[in-house]
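Q: Residue numbers (our numbering), protein chains in the order written: chain A, 35 to 225; chain B, 94 to 283.
It should be emphasised that the hints constitute simulated quantities derived from the structure, not laboratory data.
No experiment lies behind these values; they were computed from the predicted model shown.
By construction, the Cβ of each residue, glycine as well, lies at the ideal position given by its N, Cα and C atoms.
Incorrect hints may have been included.
[Said to hold, decoys possible] Cut-off 20 Å, straight-line C-alpha distance, at most; resulting in silico cross-link-like pairs (SDA-like, lysine to any residue):
hint: 1; chain 1: B; residue 1: K128; chain 2: A; residue 2: T133
hint: 2; chain 1: B; residue 1: K98; chain 2: B; residue 2: W137
hint: 3; chain 1: A; residue 1: K200; chain 2: B; residue 2: V224
hint: 4; chain 1: A; residue 1: K198; chain 2: B; residue 2: K278
hint: 5; chain 1: B; residue 1: K278; chain 2: A; residue 2: L140
hint: 6; chain 1: A; residue 1: K198; chain 2: B; residue 2: K98
hint: 7; chain 1: A; residue 1: K198; chain 2: B; residue 2: N231
hint: 8; chain 1: B; residue 1: K128; chain 2: B; residue 2: L180
hint: 9; chain 1: B; residue 1: K230; chain 2: A; residue 2: I141
hint: 10; chain 1: B; residue 1: K278; chain 2: A; residue 2: I141
hint: 11; chain 1: B; residue 1: K230; chain 2: B; residue 2: Y205
hint: 12; chain 1: A; residue 1: K198; chain 2: B; residue 2: K128
hint: 13; chain 1: A; residue 1: K200; chain 2: B; residue 2: K230
hint: 14; chain 1: B; residue 1: K230; chain 2: A; residue 2: R197
hint: 15; chain 1: B; residue 1: K230; chain 2: A; residue 2: T133
hint: 16; chain 1: B; residue 1: K278; chain 2: B; residue 2: F268
hint: 17; chain 1: B; residue 1: K278; chain 2: A; residue 2: A146
hint: 18; chain 1: B; residue 1: K98; chain 2: B; residue 2: L180
hint: 19; chain 1: A; residue 1: K200; chain 2: B; residue 2: S223
hint: 20; chain 1: B; residue 1: K98; chain 2: B; residue 2: A176
hint: 21; chain 1: A; residue 1: K198; chain 2: B; residue 2: L110
hint: 22; chain 1: B; residue 1: K278; chain 2: A; residue 2: Q143
hint: 23; chain 1: A; residue 1: K200; chain 2: B; residue 2: D227
hint: 24; chain 1: B; residue 1: K230; chain 2: A; residue 2: L140
hint: 25; chain 1: B; residue 1: K230; chain 2: B; residue 2: A207
hint: 26; chain 1: B; residue 1: K98; chain 2: B; residue 2: V132
hint: 27; chain 1: B; residue 1: K128; chain 2: B; residue 2: D139
hint: 28; chain 1: B; residue 1: K98; chain 2: B; residue 2: L110
hint: 29; chain 1: B; residue 1: K128; chain 2: B; residue 2: F106
hint: 30; chain 1: B; residue 1: K98; chain 2: B; residue 2: I138
hint: 31; chain 1: B; residue 1: K128; chain 2: B; residue 2: A170
hint: 32; chain 1: B; residue 1: K128; chain 2: B; residue 2: L110
hint: 33; chain 1: A; residue 1: K200; chain 2: B; residue 2: G229
[Unchecked claim] Incomplete in silico selection of chain B near chain A, CB under 10 Å:
hint: 34; residue: V132
hint: 35; residue: F200
hint: 36; residue: A270
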Amino acid sequence: MICLRLFLSFMQIGCFCFGGGYAAMPLIEEQVVTANHWLTMNAFSDLVTIAEMTPGPIAINAATFVGTQVAGPAGAVAATCGYIFPSCLFVTLLAYVYTRFRNLSLIQQTLASLRPAVVALIAKAGIGILIAAFFVNGTFSLAAGNVSFRMILYFAAALVLLRKAKLNPILVMVLCGAAEVIFYCAGTLIR
Amino acid sequence: METQKTHILRRLFFSTLYLSAFTFGGGYVIVTLLKNRFVDQYHWIDEDEMLDLVAIAQSAPGAIAVNGAIVVGYKLAGLTGVAVSVLGAVIPPMAILTVVSYCYDAFSTNPYIAAMLGGMRAGVGAVITSVVYDMGKNVVRAGDPVNVVIMILSFCISYFLNVNVVFIIIAVAVFGALRSVAAQKAGERS
Numbered sequence: 035m036i037c038l039r040l041f042l043s044f045m046q047i048g049c050f051c052f053g054g055g056y057a058a059m060p061l062i063e064e065q066v067v068t069a070n071h072w073l074t075m076n077a078f079s080d081l082v083t084i085a086e087m088t089p090g091p092i093a094i095n096a097a098t099f100v101g102t103q104v105a106g107p108a109g110a111v112a113a114t115c116g117y118i119f120p121s122c123l124f125v126t127l128l129a130y131v132y133t134r135f136r137n138l139s140l141i142q143q144t145l146a147s148l149r150p151a152v153v154a155l156i157a158k159a160g161i162g163i164l165i166a167a168f169f170v171n172g173t174f175s176l177a178a179g180n181v182s183f184r185m186i187l188y189f190a191a192a193l194v195l196l197r198k199a200k201l202n203p204i205l206v207m208v209l210c211g212a213a214e215v216i217f218y219c220a221g222t223l224i225r
Numbered sequence: 094m095e096t097q098k099t100h101i102l103r104r105l106f107f108s109t110l111y112l113s114a115f116t117f118g119g120g121y122v123i124v125t126l127l128k129n130r131f132v133d134q135y136h137w138i139d140e141d142e143m144l145d146l147v148a149i150a151q152s153a154p155g156a157i158a159v160n161g162a163i164v165v166g167y168k169l170a171g172l173t174g175v176a177v178s179v180l181g182a183v184i185p186p187m188a189i190l191t192v193v194s195y196c197y198d199a200f201s202t203n204p205y206i207a208a209m210l211g212g213m214r215a216g217v218g219a220v221i222t223s224v225v226y227d228m229g230k231n232v233v234r235a236g237d238p239v240n241v242v243i244m245i246l247s248f249c250i251s252y253f254l255n256v257n258v259v260f261i262i263i264a265v266a267v268f269g270a271l272r273s274v275a276a277q278k279a280g281e282r283s
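Chain A extracted, bound-state conformation (with noise of 0.2 Å):
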């Protein structure tokens, strides 16, 4: 039962990610946080990291993260299956229609409209991985202690090492990673 509530989630995430990459972001969190509940907010930042660092398409490493952690085994091969199911049908009709008609013309139009939508929703998604990261509580307030104006000294350290130094984005956030650990270290030594 929730092997097959896995698998249509994740076939709604497939039908609905265009535009490749981060697109798919904001449906899995819509599916995987909002509407499921199956992962923290914190944790899906969390498997956002994982899968910014490991190879593959970040809903392939979600359904497999996500159905691992539900159900198992059989939720990780339910999710995959839910989410390539989509895909392996519309692609291959249009490379159906395609080899017959050769027109994409019309389709490419209506996806030029599609991409700014699609920016405007990884927009949102990326603000919810932020909010996240910058406050304590992991929600949008301005009391005292929540703030973490380390994250945000991370956080704009790492903007300016992406877009005036150029670095790879797997090593700025490690860089991140490596920054926070060597200050919980000193922490537990200082105490």
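Here the structure of chain A is known, so what remains is to put chain B in place on it, guided by the hints.
A: Below, chain B without anything else, positioned relative to chain A:
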């Protein structure tokens, strides 16, 4: 004839498996690698056709890496090709994430690793911010005011009104389809 086909299938499987296992940094990387392997190295697909196949992979929903594997598989060996290349593309991330998710509980309770993941979260936020900035800049630079309005409206509707992402995508897709049909009709008339 039969051995020729199994030869193609075997190469297809190991190519997608290998590419999927070593592709960091998103779908567009794997598309160039697929082209590299099947156009430049094996000469099984010609360059122009590969561009159209990539367009198909991008037109359909789903991960570009998986879709790319599907089109190449379909082109080379039909439905069996699709099954074989999808399997190849999916096995590496599944295997890696299965290991990760079994370790995750031990992982996330370890204070050092929790600190590592916590710090990296700020880094991921920066990576996403940077990507969104580039993509948004491209939308604005392209100079189509309707697309800029779509971008701003979709953001406000999803962020402030919390409308389900799926509805926003469906609404924009319908609008985009009507718009491109109208544009084609206008093109025919002039």
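Q: If any of the earlier hints don't hold here, list their numbers in rising order.
A: Numbers 4, 6, 9, 11, 12, 15, 21, 24, 25 and 34 - these are the hints that the structure violates, sorted from lowest upward.
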